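Visitor: Top to bottom, those sequences are chains A and B. Here our numbering is used: position 124 in the first sequence is 124, and no number is missing along the way. Here our numbering is used: position 215 in the second sequence is 215, and no number is missing along the way.
Keep in mind that the hints were calculated from the coordinates and are not lab data. Treat the hints with caution; some may be incorrect.
Note that identical chains are pooled: a pair holds if it fits in a single copy or bridges any two copies.
[Claimed, not checked] Within a straight-line C-alpha distance of at most 25 Å, the following computed PhoX-like cross-link-like pairs (lysine-lysine) qualify:
hint, residue 1, residue 2
1, Lys-167, Lys-195
2, Lys-196, Lys-217
3, Lys-222, Lys-67
4, Lys-216, Lys-62
5, Lys-203, Lys-255
All of these numbers come straight from a predicted model, not from anything done at the bench.
Protein chains: 2
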Amino acid sequence: MDNRPIGIFDSGVGGLTVMREVMEQLPYENIIYLGDTARIPYGSKSEQTIKKYAHQCSAFLKGKDVKTIVIACNTASSIALDSLTDYFDIPVIGVIDPGARSASKATENGRIGVIGTTATINSYAYQEKIMEYRHDAEVIGIPCPLFVPIVEEGWEYSHVAELTAEKYLTELIEHDVDALVLGCTHYPILRYTIKKVVGPHVKLINPAFETAKDLKKLLNEKNLFNENYDIPRYEYYATDAPERLRRIGGNFLKKEIDNLYEIAIDNLS
Amino acid sequence: MDNRPIGIFDSGVGGLTVMREVMEQLPYENIIYLGDTARIPYGSKSEQTIKKYAHQCSAFLKGKDVKTIVIACNTASSIALDSLTDYFDIPVIGVIDPGARSASKATENGRIGVIGTTATINSYAYQEKIMEYRHDAEVIGIPCPLFVPIVEEGWEYSHVAELTAEKYLTELIEHDVDALVLGCTHYPILRYTIKKVVGPHVKLINPAFETAKDLKKLLNEKNLFNENYDIPRYEYYATDAPERLRRIGGNFLKKEIDNLYEIAIDNLS
Chain A
1 MDNRPIGIFD
11 SGVGGLTVMR
21 EVMEQLPYEN
31 IIYLGDTARI
41 PYGSKSEQTI
51 KKYAHQCSAF
61 LKGKDVKTIV
71 IACNTASSIA
81 LDSLTDYFDI
91 PVIGVIDPGA
101 RSASKATENG
111 RIGVIGTTAT
121 INSYAYQEKI
131 MEYRHDAEVI
141 GIPCPLFVPI
151 VEEGWEYSHV
161 AELTAEKYLT
171 ELIEHDVDAL
181 VLGCTHYPIL
191 RYTIKKVVGP
201 HVKLINPAFE
211 TAKDLKKLLN
221 EKNLFNENYD
231 IPRYEYYATD
241 APERLRRIGG
251 NFLKKEIDNL
261 YEIAIDNLS
Chain B
1 MDNRPIGIFD
11 SGVGGLTVMR
21 EVMEQLPYEN
31 IIYLGDTARI
41 PYGSKSEQTI
51 KKYAHQCSAF
61 LKGKDVKTIV
71 IACNTASSIA
81 LDSLTDYFDI
91 PVIGVIDPGA
101 RSASKATENG
111 RIGVIGTTAT
121 INSYAYQEKI
131 MEYRHDAEVI
141 GIPCPLFVPI
151 VEEGWEYSHV
161 AELTAEKYLT
171 ELIEHDVDAL
181 VLGCTHYPIL
191 RYTIKKVVGP
201 HVKLINPAFE
211 TAKDLKKLLN
221 EKNLFNENYD
231 IPRYEYYATD
241 APERLRRIGG
251 NFLKKEIDNL
261 YEIAIDNLS
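Full structure from sequences and hints, please.
Guide: Put into structure tokens, the structure is as follows:
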């Protein structure tokens, strides 16, 4: 048994969709969430910069004595997972592998779509990982940079959202994909609109859900469950504008955000 | 006469619309442009963080021996101008005052709209400055966070752009504004779509154009013109992903971007 918290980080509020799945699937675990809101978004930045930020976020969580680190950000997972795994002496898991594995199982015709930020798609992390699980797969990646601001505006059911989804996703429909990875933490909030556009026969894969399942398995294997069945403690840290995290984040987490602290970005090294 | 360059900074590529106006109105001036692409966008960050970033950008330009600093970013202008003016011993001008003055002159019915990022609108900088010039004005500010990613996607003439503009701007039409400040560097690229939505009787104010006019006046008054009529030198610095600045920036500047250098963000203090 291990009552240390689980550490989760993301470039901003989006990773709260991952935290929500972890809270549901592991209801007795303490969790520390870090949103690097001072430097959001990671998705349009260079690999070198994203790696540096991911290391700083992980070091902060390690300093809080977490037992494992979850990279909730697809961009950071796709670029920094190996480097963080090498560097830190606690298990680190990202969202790419669970999402890719699930998509490989879900497809019947072997044609899989992946949508995400420009950096996630250009890194080919999902595409390569899916090919490892299923050599004959045909994977089509499409960057969808407008989806994040649409979700942050609360416009997920709007005509703008639908029209934007049509512009981005038509190519996937033409390629007859039957599984689609929602490769950015914000996208599960758009799932009804995306489903409407791609059609009911396309299975949507939510890496947040799959990652929480993997995390549960990992804690079980390594005997790391918290077996103190008290009400767990949730702590939130933001590197800038914590009130924005509280306001927008509530919609992602479907829960009030208390125990929220601002930390200076200079303390992240 | 003073052949030192003019320094211009922005959170990213958007400020190139200001640089373009300066190049057109002051064709003999050398210019150094700094895009703080590692930390873009400023618009959703806190005042304290924006001030810190603006000081670091200005210090970098001062280190390059510029004769004046232009804050091309509306967000940074609205929050950091006074503090930069106090700190640096060279003239610093922002885009808010020129834009506000021009809007005050352009309106006939006294009802003025301002659109910009969330931080710019919430700072009330345009609203307050317009009221200084015209006490009886009624100013309505609307944050339009989707406009920047629409421009960066190159979707400025799309149905998505038009529908988004309708969602944001209907309130301004209902309030019968007859002048509208494009209070974000990206928005002039959307001016045809915006005009189509608000109607031909609404005058669009481009602060980039007004700022270049003010800069020319300032150089004249302080006797700072470069009177060396050679081909001027333009230098560009980006704190991250310079290739993205070159690729997207060309569309803002309507000119090839050469002499482009990447600088480390840690060197900005």
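Visitor: All hints are to be evaluated individually against the structure, with a verdict given for each.
Guide: Evaluated hints:
| no. | hint | result |
| --- | --- | --- |
| 1 | Lys-167 to Lys-195 | both (14 Å within a copy, 23 Å between copies) |
| 2 | Lys-196 to Lys-217 | neither (33 Å within a copy, 56 Å between copies) |
| 3 | Lys-222 to Lys-67 | within (11 Å within a copy, 62 Å between copies) |
| 4 | Lys-216 to Lys-62 | within (20 Å within a copy, 53 Å between copies) |
| 5 | Lys-203 to Lys-255 | neither (27 Å within a copy, 45 Å between copies) |
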